[in-house]
Structures are given as C-alpha cells and as structure tokens.
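**Student:** When you get a sec, could you build the whole thing from the sequences and use the hints?
Take a look at the letters that make up each chain.
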Amino acid sequence: MTMTLSLPWRTDHLAPDMPKPGDCVLELSNVSVSIGERAVLRGVALDVRAGELLALVGPNGAGKSTLLNAITGDVPLTDGEISLFGKPAGVWDSTELAMRRSVLLQSVDVTFPFSVRDIVRMGRAPWEGTAQEMNDDVIVDDAMATTEVTALADRVYASLSGGERGRAAFSRVLAQTAPILLLDEPTAAMDVKHQEMLMRVGREYAAAGCAVVVIVHALDAAAAWADRVALLERGRLRALGTPEEVLTPQLLSDVYQCPIDVLRHPDGGLIIVPGRPVVARNVYGRCSVGVGDGVGAEADVANGSSDGVS
Amino acid sequence: MSAATTQRPQRADHIRTNAANLGLAAEPRMGRTAVTFLVMTVALIVMIVVSASLGQLIIPFDQVIGSVLNRIGIHWLDGPSRAFGNEALWNVRFPRIAMAVVVGAALGVAGAVMQGVFGNPLAEPGTVGVSSGAAVGASCSILMGWTFLGSFTTPFLAFVCGLGTTVAVYLLARRGGRTEIVTLILTGVAVNAIAGALIAFFTFAAPTSARDQIVFWQMGSFNGSRWQQVALVAPMCVIGMIIVQTLARRLDLLSLGERPARHLGVNVERLRFIAMLAVALLVSSAVAFAGIISFVGLVVPHLLRMILGPGYRTLLPASALGGALLLTIADFAARTTIAFADLPIGMLTSLVGGPFFFWLLRRSRSKSGGWA
Numbered sequence: 001m002t003m004t005l006s007l008p009w010r011t012d013h014l015a016p017d018m019p020k021p022g023d024c025v026l027e028l029s030n031v032s033v034s035i036g037e038r039a040v041l042r043g044v045a046l047d048v049r050a051g052e053l054l055a056l057v058g059p060n061g062a063g064k065s066t067l068l069n070a071i072t073g074d075v076p077l078t079d080g081e082i083s084l085f086g087k088p089a090g091v092w093d094s095t096e097l098a099m100r101r102s103v104l105l106q107s108v109d110v111t112f113p114f115s116v117r118d119i120v121r122m123g124r125a126p127w128e129g130t131a132q133e134m135n136d137d138v139i140v141d142d143a144m145a146t147t148e149v150t151a152l153a154d155r156v157y158a159s160l161s162g163g164e165r166g167r168a169a170f171s172r173v174l175a176q177t178a179p180i181l182l183l184d185e186p187t188a189a190m191d192v193k194h195q196e197m198l199m200r201v202g203r204e205y206a207a208a209g210c211a212v213v214v215i216v217h218a219l220d221a222a223a224a225w226a227d228r229v230a231l232l233e234r235g236r237l238r239a240l241g242t243p244e245e246v247l248t249p250q251l252l253s254d255v256y257q258c259p260i261d262v263l264r265h266p267d268g269g270l271i272i273v274p275g276r277p278v279v280a281r282n283v284y285g286r287c288s289v290g291v292g293d294g295v296g297a298e299a300d301v302a303n304g305s306s307d308g309v310s
Numbered sequence: 001m002s003a004a005t006t007q008r009p010q011r012a013d014h015i016r017t018n019a020a021n022l023g024l025a026a027e028p029r030m031g032r033t034a035v036t037f038l039v040m041t042v043a044l045i046v047m048i049v050v051s052a053s054l055g056q057l058i059i060p061f062d063q064v065i066g067s068v069l070n071r072i073g074i075h076w077l078d079g080p081s082r083a084f085g086n087e088a089l090w091n092v093r094f095p096r097i098a099m100a101v102v103v104g105a106a107l108g109v110a111g112a113v114m115q116g117v118f119g120n121p122l123a124e125p126g127t128v129g130v131s132s133g134a135a136v137g138a139s140c141s142i143l144m145g146w147t148f149l150g151s152f153t154t155p156f157l158a159f160v161c162g163l164g165t166t167v168a169v170y171l172l173a174r175r176g177g178r179t180e181i182v183t184l185i186l187t188g189v190a191v192n193a194i195a196g197a198l199i200a201f202f203t204f205a206a207p208t209s210a211r212d213q214i215v216f217w218q219m220g221s222f223n224g225s226r227w228q229q230v231a232l233v234a235p236m237c238v239i240g241m242i243i244v245q246t247l248a249r250r251l252d253l254l255s256l257g258e259r260p261a262r263h264l265g266v267n268v269e270r271l272r273f274i275a276m277l278a279v280a281l282l283v284s285s286a287v288a289f290a291g292i293i294s295f296v297g298l299v300v301p302h303l304l305r306m307i308l309g310p311g312y313r314t315l316l317p318a319s320a321l322g323g324a325l326l327l328t329i330a331d332f333a334a335r336t337t338i339a340f341a342d343l344p345i346g347m348l349t350s351l352v353g354g355p356f357f358f359w360l361l362r363r364s365r366s367k368s369g370g371w372a
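Chains as they are written, first to last, in UniProt numbering: chain A, 1 to 310; chain B, 1 to 372.
In case anyone wonders, no lab produced these hints; they're calculated from the structure. Cβ atoms here follow ideal geometry from the backbone N, Cα and C, with glycine treated the same way. Please note that the accuracy of each hint is not assured.
[Stated by the list, open to error] Derived, one-sided and incomplete: chain A residues facing chain B with beta-carbon distance under 10 Å:
no.	residue
1	12
2	13
3	16
4	94
5	169
6	195
[To be verified] If you anchor each label on the Cβ, the simulated ranges turn out as follows:
no.	chain 1	residue 1	chain 2	residue 2	range
7	A	136	B	242	22 to 28 Å
8	A	154	B	58	47 to 53 Å
9	A	35	B	43	52 to 58 Å
**Tutor:** Here you go:
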C-alpha cells in the first residue's frame with residue numbers, strides 16, 4: 001500500500017478533457033451496497049454516456065439515492081467498481097472529482113447567511129487557481145440567469161422558499177461546469193414552470209456533450225426529457241432503455257405495485273398516469289359522479305334525499 | 001432550434017442587468033468591510049493608548065505616545081515625566097496589553113473557525129475540550145507544585161493538556177477514518193465532564209493557597225504578563241492564524257454541509273482535523289498564561305458576521321481584530337473598574353458577553369434567515 005502525501009494547497013489537479021458524444025464517462029459494474037445488514041443495491045451495472053440525459057426512476061426505497069451516493073463516493077461499495085472517465089473513481093483526488101462531476105442533493109441547508117450569489121460562486125471552487133478561474137464572473141452570472149435566480153442574487157439563501165433554494169442550488173451545480181451532472185430529485189420543491197426549466201436545462205447540458213443523471217419521481221417528466229430511463233426495483237436494475245422501452249404499463253404496474261396507464265399524447269409523447277377509479281365528488285354537499293369528460297349526471301347525496309335541482 | 005434563438009437575447013439581457021447589479025451590490029459590502037477594519041484598527045490603537053495611560057499611575061496620552069516614539073528613535077513628543085513612568089509602561093502595562101491583544105485575536109479567530117468547522121453558530125473552542133483540558137493541566141501542575149520549567153511549568157502543562165485533549169476528542173470520535181459532527185460534540189461533552197471531575201478533584205485535594213491559584217487561573221487574568229510570555233504566545237498564535245487563513249475558502253464551502261463541500265473538492269476530514277488542530281494551538285497558547293476567558297470566541301465572530309457577512313476570508317482577520325479590541329477593553333475595565341483591585345477578566349467577559357449574546361440571538365432570530 002502506498003501513501004501519497006497531498007498538501008492542502010496542492011494545485012496540480014488534472015482538469016478533464018471535454019468528452020466526445022457517446023463516450024462512456026461513467027461506468028458502474030456489479031455495484032453492490034449494503035447499509036448494515038440490508039443490501040440496498042445488488043449488482044447494478046450501468047454505463048452513462050456523454051451527450052445523454054439518463055433518468056433514474058423507481059419506487060421509494062428502490063435505491064436511487066444510494067446509487068447516486070455510491071457514484072459520488074459518499075457511500076462505500078461492498079462490491080463492484082465505479083469508474084469515471086475510464087479510471088476507477090478512487091484514482092481521482094477530491095478536486096479532480098469535483099472538476100468531473102457536480103452533484104445536487106435533495107436539500108441543501110446553508111448554516112450561515114450567505115447570499116445566493118455567494119452560494120453560486122462556491123460552485124467555482126474546484127477551478128480556483130486554474131486558467132478557468134478567469135471566467136468565474138461570467139459563468140456565475142450565466143448560471144444564475146439560466147436558473148432564473150438573478151433577481152434573488154443578493155438575498156440570503158436561508159431566507160428563500162424551497163423551490164427558490166432548489167434553483168439556487170442547481171445554479172451552483174451548473175456553475176461547477178463539470179461534464180457529469182448528478183441530480184437527486186432536483187424538481188421536488190419546484191413549481192411546474194421551474195420543473196420544466198430544470199429538465200430543459202438538463203437537456204441542453206446533455207446536448208452540449210455532457211452526461212446528466214437525474215433522479216425523478218414524475219414518470220412523465222422522465223418520459224418527456226430523458227434519452228434513457230433506468231428503472232430500479234429493490235436495489236436491482238429492473239430495466240434500462242429508451243422511455244418507450246422501459247415505461248410500459250406492465251413493467252411500471254409491476255414495479256410500483258399499482259396500476260399505471262401509459263397513453264400517447266397526440267404530439268407523440270407519453271402520458272403516464274396511475275389507473276384511478278372514478279370518484280364521487282362532493283362539492284358543497286352535492287355529489288357529482290364524473291363520467292367521460294367529467295360533466296356527468298349529478299345526484300344529491302348529502303342526506304340521501306332528492307330535493308336538489310336537476 | 002427556434003426556442004434556443006429566442007432565448008439567447010433574453011439570457012444576454014439577464015447577464016447585462018446582472019452585471020449592473022453586481023457593481024451596485026458589491027460596492028457597499030466592500031466599503032463596509034474597509035470601514036469596519038478601519039474603525040476597529042483605530043479603536044484598538046486608541047484603546048491601547050488609553051489603557052496604557054490610565055491606572056494607578058496616570059501617564060498622559062501624549063507621554064504614552066512619546067514613549068513609544070522614543071523607543072523607535074523618533075523624538076517628537078516627550079516621554080513620561082513622572083518617575084518610573086517608562087518602567088510602568090514598558091515592564092507592566094505594555095506587555096499586559098500586548099498579551100490581551102494576542103490572546104483576544106487568537107480567541108476571536110478560534111471561535112470563528114470552530115463555528116465553521118461544526119457548522120453551528122454555538123460552537124466554541126470549549127466544545128472540543130481545549131479550555132477544560134488546559135485547566136486540568138494547569139490545576140494539576142499547581143497542586144503538585146511542579147517547577148521543572150520554572151514559572152513556565154503551569155502554562156506549559158496547560159498548553160500541552162489543551163492541545164492533547166482536543167486531539168484526544170478528535171481521535172475518540174473518529175471511526176473508520178471519518179468523524180461526524182454529532183459524535184465530535186458528544187465526545188467533547190464526555191471529555192469535558194471527565195475534565196470537570198479532575199479539576200474538581202485537584203481543587204479539593206489542593207491546600208488553600210494552591211486552591212486559590214487553581215480557582216483564579218480558571219477565571220482568567222492578564223495580571224503579571226511579561227514580554228517573555230508574549231514572545232512565547234505570539235508566534236504560536238500567528239502560526240495558528242496563518243493556518244486557518246489558508247482554510248478560509250474551504251470553511252465557506254463547508255457551510256453548504258459536509259457532502260456538498262466534498263462534492264466541491266473539499267477533503268472534509270482533513271480540513272476538520274487541520275482546523276481543529278489550529279484551534280487547539282490558538283486556544284491552548286492563549287489560555288496558557290492568561291487562564292480561561294470565555295465568550296470572546298462566541299460573541300466576536302457573531303457580531304462581525306452580522307456586519308461583514310459570513311465569508312471567512314474577511315471574517316477571520318476581522319475576528320482577530322475584534323477579539324483583540326474586546327479583550328483590550330475588557331482588560332482595561334478589569335484593571336480600572338475598582339481601584340486597587342484586579343478583577344478576573346474571564347468573569348468580566350462572561351458578565352458582559354452573556355447578556356450581549358442573548359440580545360444578538362433575539363435580534364437575529366427575528367430577522368429572516370435565522371442565525372446570523
């Protein structure tokens with residue numbers, strides 16, 4: 001075993017070359033993770049290529065976040081190997097890793113009253129002392145504009161709403177300008193507009209030659225934006241492929257243990273909805289049973305009598 | 001494609017307005033930082049002159065300044081006109097003030113670093129047992145009457161035990177090459193409890209005069225500071241401050257939390273160990289001669305964070321300056337509040353710091369964003 005002594009001010013970090021589209025930038029082979037006695041991931045094999053947006057979906061507890069944490073090195077593997085840019089992840093030092101992949105966690109709390117601009121600027125930390133540092137201001141401004149937090153730049157991060165924090169944190173991740181983007185449920189606290197904004201930015205990022213791995217719960221978002229979808233079930237990779245291949249009613253209904261319909265939008269996109277019963281709607285004591293387009297027969301069931309208008 | 005082309009000008013606009021904002025937003029904070037440093041520096045110099053001037057022997061301000069200038073070869077103002085004026089200044093007051101400045105700076109910086117490392121605004125050097133460890137060393141030395149290093153025996157043992165306790169807390173909390181904040185704090189609690197018991201035992205076992213010494217050591221005082229002592233403490237503190245200043249940017253990143261900091265390239269474990277070691281060095285050397293002085297490390301960084309913002313690159317030097325200023329004032333008060341009595345400075349800082357801290361909490365909680 002060799003011990004390398006790295007000084008805190010070491011600056012000879014190897015910056016990444018921009019990958020070519022289709023290059024395998026992240027490869028997981030037979031990755032297993034156990035937390036305590038419980039096997040959370042079992043033999044997951046996955047390759048992520050430059051230029052694609054890969055959506056990671058699956059029910060709660062399927063191991064999506066653990067998989068992401070394994071990729072980031074926060075969770076030790078019990079078996080298998082993860083390689084980044086063709087080398088085992090352990091070869092890179094922490095700064096070199098930060099130059100290669102940026103990570104957005106589900107929620108980020110900031111201890112002290114840093115402004116949004118301070119936070120986004122922190123994303124530039126891996127590039128301190130490199131030639132890239134010259135572009136810091138432009139990159140930070142651009143990242144803030146892209147995620148629509150420019151107006152919040154001087155606000156204290158901790159005073160923002162959940163969705164605004166999510167955008168500010170995403171902005172920081174973009175400012176890191178790493179070729180691999182790992183996002184853990186980035187859209188959770190966001191409104192529809194910003195959910196779409198985030199996925200669109202993710203797509204643009206992928207189109208520019210980067211690789212984006214995003215955990216999403218909204219299956220229709222995965223269907224609409226992802227190049228490929230990885231479906232996890234109880235720690236195993238159940239299916240991997242294009243949205244059309246993976247997001248089928250049979251597979252989804254089985255994995256989520258809940259009836260799920262997959263419809264086609266006239267535009268060609270997939271619409272994924274849980275199979276739901278038609279409920280009797282109680283509106284101010286008047287119950288309407290929606291049928292077809294929702295405008296259906298009305299019946300007053302408030303007290304079982306039939307004195308209502310008809 | 002059309003989406004991209006319609007977006008581009010919009011984004012350029014964003015950047016342009018943003019650049020304008022940047023200019024507007026950056027100016028006041030930089031101005032504020034400069035003003036804060038200037039005000040604190042001036043206040044510190046004024047305070048040093050005032051403190052040197054007043055006491056049992058009153059030496060007018062101009063004579064204090066004159067005496068300093070004479071020393072460096074400028075004979076512009078006259079030195080002290082009274083007998084023993086120069087001796088009082090250079091053998092008693094100046095070393096004492098210098099010690100207060102050095103110790104205050106060390107404690108201020110150490111407090112700021114601890115808050116950053118623990119990601120908790122309530123953390124202070126005492127959390128990892130520096131002060132209580134030092135007190136164990138000091139009281140043990142006093143009880144045993146050891147003199148293997150002459151008058152430096154007690155400070156030396158205080159320093160070694162303070163440093164050793166911190167390292168012990170770190171190593172005890174470490175498991176599988178990693179530490180967790182909660183484990184560190186709880187280990188600190190346990191070690192502090194043991195240290196408290198040892199101090200109590202030493203106090204109990206000591207004869208009356210040694211008991212007084214033990215008790216007074218724990219209340220802190222700059223009484224009897226000498227240049228020789230300052231010369232020992234100052235380099236340690238300077239080294240400690242230089243180390244933590246190199247960590248400033250990484251401490252900023254740590255505010256995002258441990259994992260996000262790691263994702264940004266920070267070796268969190270190494271940062272934590274180096275920072276704790278530097279804090280132990282700063283605080284152990286600060287308390288070695290002066291005894292325990294609490295609340296400086298808690299109040300000073302808080303107050304300055306409110307004024308300057310949380311960035312450590314300015315907060316650390318500002319905390320040094322602020323701590324120095326606070327302890328110079330506190331020591332002046334300790335010397336002069338009651339004639340012919342030298343109050344324990346630790347008592348004073350706690351007496352003033354406690355309510356002040358409470359006020360700070362009330363104030364910052366009522367504003368958005370919680371902790372300031």
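**Student:** Using 10 Å as the Cβ threshold, decide whether residue 12 (chain A) counts as touching chain B.
**Tutor:** violated (14 Å)
**Student:** Is 47 to 53 Å a correct range for the gap between the Cβ atoms of residue 154 (chain A) and residue 58 (chain B)?
**Tutor:** Given about 50 Å between the Cβ atoms, the range holds.
**Student:** Any CB of chain B closer than 10 Å to the CB of residue 13 (chain A)?
**Tutor:** holds (8 Å)
**Student:** With a cut-off of 10 Å, does the beta carbon of residue 195 (chain A) approach a beta carbon of chain B closely enough for the hint to hold?
**Tutor:** Residue 195 (chain A) check fails; min Cβ-Cβ to chain B is 17 Å, beyond 10 Å.
**Student:** Under the criterion of a CB-CB separation shorter than 10 Å, is residue 169 (chain A) in contact with chain B as hinted?
**Tutor:** With a closest approach of 8 Å, the residue 169 (chain A) hint holds.
**Student:** Indicate whether the distance between the beta carbons of residue 35 (chain A) and residue 43 (chain B) respects the range 52 to 58 Å.
**Tutor:** Given a distance of about 54 Å, which is inside 52 to 58 Å, the answer is holds.
**Student:** Mind checking the hinted window 22 to 28 Å against the Cβ distance between residue 136 (chain A) and residue 242 (chain B)?
**Tutor:** Roughly 25 Å apart at Cβ, these two residues keep to the hinted range, so it holds.
**Student:** Are residue 94 (chain A) and chain B close enough, Cβ to Cβ, to be under 10 Å, as the hint says?
**Tutor:** holds (5 Å)
**Student:** Classify the hint on residue 16 (chain A) as holds or violated, based on whether any CB of chain B lies nearer than 10 Å to its CB.
**Tutor:** violated (13 Å)
When the structure is compared with the earlier hints, violations turn up for hints 1, 3 and 6 and for no others.
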